[in-house]
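A.B. asks: Chains as they are written, first to last, in the working numbering: chain U, 1372 to 1461; chain C, 1372 to 1461.
Calculated directly from the structure, the hints in this document are not laboratory data.
Any given hint could turn out to be false.
Where chains are identical, the list cannot tell them apart; a pair therefore holds if satisfied intra-copy or between any two copies.
[What the hints assert, rightly or not] Below 27 Å or equal to it, Euclidean Cα-Cα: the simulated DSS-like pairs (lysine-lysine) are:
#1 K1455 <-> K1440
#2 K1377 <-> K1388
#3 K1415 <-> K1440
#4 K1454 <-> K1377
#5 K1377 <-> K1419
Protein chains: 2
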Amino acid sequence: MTQEDKTRIEVEIYNQKYTIVGDEEAAHMRLVSSLVDQKMRDIKEGNKQLDINRLAVLTAVNTMNDYLKLKEAYDELKNETEKKEDLNDG
Amino acid sequence: MTQEDKTRIEVEIYNQKYTIVGDEEAAHMRLVSSLVDQKMRDIKEGNKQLDINRLAVLTAVNTMNDYLKLKEAYDELKNETEKKEDLNDG
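All chains should be built: construct the whole structure from the sequences, respecting the hints.
C.D. replies: Take a look at the structure:
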């Protein structure tokens, strides 16, 4: 995809406007933005004293943690699937 | 896990110190923090004018996008695995 083909949308996350540029469809990018907005509000709820900068970093940490856990689950499922395929082939 | 059982570590992300509290092992939490630190530096590299607050939010957006894509791949793999199991059972 060239720069011109990319999707470019305006979103609002935690009351700030952002221009997001990506390869995905606008609907997908809006979903991603709204999930980040929601996570920031959830984390703020439990840590009222956080400033927006630390709140945003902790939101990234929280999301990265979710990503790594899902990655482990994915790799495990993939391994199991491959083992089963080897058994069925053998 | 009670509050007392939780892991509590000090990490540095983008030159700021954070106390991270979680259910995971310290090594896992350090890995998560270092991945966020690295992603912030990568995004800053391509957008030198970003302030830390917008940089952190865009890092969260980027990570959430990775999460959703992996979630789709995971769900697809799970569906395929279940279909194959049904075939083998039938």
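A.B. asks: For each hint, tell me whether it holds in the structure or not.
C.D. replies: Checked hints:
no.: 1; hint: K1455 <-> K1440; in the structure: both (23 Å within a copy, 25 Å between copies)
no.: 2; hint: K1377 <-> K1388; in the structure: within (19 Å within a copy, 36 Å between copies)
no.: 3; hint: K1415 <-> K1440; in the structure: both (23 Å within a copy, 26 Å between copies)
no.: 4; hint: K1454 <-> K1377; in the structure: neither (39 Å within a copy, 35 Å between copies)
no.: 5; hint: K1377 <-> K1419; in the structure: between (37 Å within a copy, 20 Å between copies)
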